[in-house]
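For the protein sequence lines, the chains are L and U, in the order given. The opening position of the first sequence corresponds to residue 1 in this note's numbering, with each subsequent residue numbered one higher. The opening position of the second sequence corresponds to residue 1 in this note's numbering, with each subsequent residue numbered one higher.
The hints are simulated quantities; they were obtained by calculation from the structure and are not laboratory data. In this text, a Cβ means the ideal position worked out from N, Cα and C, and glycines have one as well. Any given hint might turn out to be false.
[Said to hold, decoys possible] Simulated DEER-style distance windows between Cβ atoms:
| # | chain 1 | residue 1 | chain 2 | residue 2 | range |
| --- | --- | --- | --- | --- | --- |
| 1 | U | Val61 | L | Pro237 | 36 to 42 Å |
| 2 | U | Leu77 | L | Arg111 | 17 to 23 Å |
| 3 | U | Gln95 | L | Arg35 | 34 to 40 Å |
| 4 | U | Asp91 | L | Arg125 | 50 to 56 Å |
| 5 | U | Cys30 | L | Arg111 | 32 to 38 Å |
| 6 | U | Arg35 | L | Arg35 | 58 to 64 Å |
2 protein chains.
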Amino acid sequence: MQSGERAGEGTVASARTVQGEVERALRKICLQPVRIAGASRTDAGVHARGQTASLTLPDDVQIPTSYLCMALNSNMLKDVSATKAEDVDADFHAQRDAVGKIYVYSFFSRRERSSMLRRDHWHMRFPVDPAAMQKAAQHLIGTHDFTSFATQLKLIQSKRIEEGKNELTTIRTIKHIELSEDPRIPGRFMIEVEGSGFLYQMVRTIVGSLVDVGRGYRSPDWMAEALAAKDRRKAGPTAPALGLCLQKVIY
Amino acid sequence: MQSGERAGEGTVASARTVQGEVERALRKICLQPVRIAGASRTDAGVHARGQTASLTLPDDVQIPTSYLCMALNSNMLKDVSATKAEDVDADFHAQRDAVGKIYVYSFFSRRERSSMLRRDHWHMRFPVDPAAMQKAAQHLIGTHDFTSFATQLKLIQSKRIEEGKNELTTIRTIKHIELSEDPRIPGRFMIEVEGSGFLYQMVRTIVGSLVDVGRGYRSPDWMAEALAAKDRRKAGPTAPALGLCLQKVIY
Chain L
1 MQSGERAGEG TVASARTVQG EVERALRKIC LQPVRIAGAS RTDAGVHARG QTASLTLPDD
61 VQIPTSYLCM ALNSNMLKDV SATKAEDVDA DFHAQRDAVG KIYVYSFFSR RERSSMLRRD
121 HWHMRFPVDP AAMQKAAQHL IGTHDFTSFA TQLKLIQSKR IEEGKNELTT IRTIKHIELS
181 EDPRIPGRFM IEVEGSGFLY QMVRTIVGSL VDVGRGYRSP DWMAEALAAK DRRKAGPTAP
241 ALGLCLQKVI Y
Chain U
1 MQSGERAGEG TVASARTVQG EVERALRKIC LQPVRIAGAS RTDAGVHARG QTASLTLPDD
61 VQIPTSYLCM ALNSNMLKDV SATKAEDVDA DFHAQRDAVG KIYVYSFFSR RERSSMLRRD
121 HWHMRFPVDP AAMQKAAQHL IGTHDFTSFA TQLKLIQSKR IEEGKNELTT IRTIKHIELS
181 EDPRIPGRFM IEVEGSGFLY QMVRTIVGSL VDVGRGYRSP DWMAEALAAK DRRKAGPTAP
241 ALGLCLQKVI Y
């Protein structure tokens with residue numbers, strides 16, 4: 001049987017990985033090793049609400065696709081869960097076939113720490129100007145070379161072979177970036193970014209740069225300069241991993 | 001110095017209590033025991049984003065009110081935090097002077113469990129009809145005898161002495177109840193309830209009853225009957241504690 005497991009969520013703990021957790025559960029279910037191909041390698045500490053992965057179940061495994069999530073969830077620790085499974089074409093690949101991704105970065109701005117937001121929000125003790133951040137973010141929309149927002153160390157690894165052309169590229173398309181404040185919790189913000197794909201630590205560097213604008217270190221228009229420079233040193237700092245969440249992979 | 005600490009947030013863990021945690025921190029800061037009066041006694045497992053408490057600092061303690069939260073936060077474990085402190089009249093009392101409270105109950109409806117919502121959402125594996133729930137909720141708005149929605153065991157303890165009249169009452173006013181679905185996460189719902197005050201387990205029983213309507217066990221108009229009966233046995237089950245959060249205390 002061909003089966004594709006798509007959509008899941010989880011948090012990468014220190015030594016464990018979500019992929020490892022899912023593959024361990026699959027091994028228990030199928031009584032043999034089964035590899036999965038995840039859509040996105042999230043860094044340690046980054047959450048994923050909408051991670052997806054593709055896999056091929058061995059021919060001798062008779063589990064209906066509609067039971068696969070239940071079977072996985074019964075065999076994984078509580079901090080990883082499978083939310084949806086569906087059949088796909090045999091040549092479907094969760095990473096290769098993705099045409100876009102949506103990330104959400106959450107942070108809160110106030111002097112006092114928060115017990116309730118501590119696990120998945122960046123806490124900044126300074127105030128930010130959301131209008132300036134929103135204005136700065138608009139400079140990133142469109143198709144650009146995002147070299148300035150990619151961590152150099154692993155840049156080569158995260159370059160993507162453009163379809164048709166056999167070359168690595170740092171060009172990506174950002175469809176929208178939106179900053180919104182939680183109406184129930186003043187000072188709690190979310191930045192939603194949708195793009196064709198992202199370079200290594202690109203979302204976190206965009207957020208760190210926007211926050212530099214929000215706190216008044218930079219003007220909103222500086223964002224355009226940082227982008228045009230194609231130099232990581234011209235952009236802002238990389239925001240902490242814990243605030244980032246892979247919200248959705250688009251096919 | 002008179003000082004009132006108002007607004008805090010935290011989760012009650014098994015043996016520890018938020019009040020105990022705050023008082024232990026105050027003892028360290030003041031080098032003597034200081035008692036606080038909380039606005040609301042939340043059950044074990046219930047979260048509180050907007051809990052408030054009043055206290056009187058000893059005369060010989062020279063800590064400015066603006067530093068009190070930082071001092072508390074430095075002396076409490078990560079799952080409890082103080083968010084705001086302000087001076088109030090010496091006769092202010094966090095519970096007695098409260099004129100209203102807002103609770104938010106969070107749940108999600110889908111077959112698969114969720115690693116990300118597991119700590120503070122009720123998970124129901126059946127689908128619900130939000131329109132029916134919203135319709136049922138409207139029957140509760142206004143001033144009513146909410147005996148049907150209060151756990152009998154402790155009812156006498158949670159009765160409140162009405163101002164002026166020296167008697168216990170089960171009459172409360174609900175200002176609004178609103179059910180909303182998270183636009184980012186289909187199947188994730190929040191019920192926000194604002195009232196003058198609440199009987200023991202009243203919000204959880206309202207939610208349990210609304211969910212009975214949402215899953216089709218009851219019609220929306222049954223809610224009016226359950227309310228009129230003034231009998232706990234006529235209402236629905238008590239929803240689990242973990243989905244409940246005290247959002248705000250109104251003065």
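To see whether the hints hold, each was checked on the structure:
1. U/Val61 / L/Pro237: 36 to 42 Å: holds, 39 Å
2. U/Leu77 / L/Arg111: 17 to 23 Å: holds, 19 Å
3. U/Gln95 / L/Arg35: 34 to 40 Å: violated, 58 Å
4. U/Asp91 / L/Arg125: 50 to 56 Å: Between U/Asp91 and L/Arg125, where Cβ atoms are some 34 Å apart, the hint is violated.
5. U/Cys30 / L/Arg111: 32 to 38 Å: About 21 Å separates the Cβ atoms of U/Cys30 and L/Arg111, which means 32 to 38 Å is violated.
6. U/Arg35 / L/Arg35: 58 to 64 Å: Between U/Arg35 and L/Arg35, where Cβ atoms are some 59 Å apart, the hint holds.
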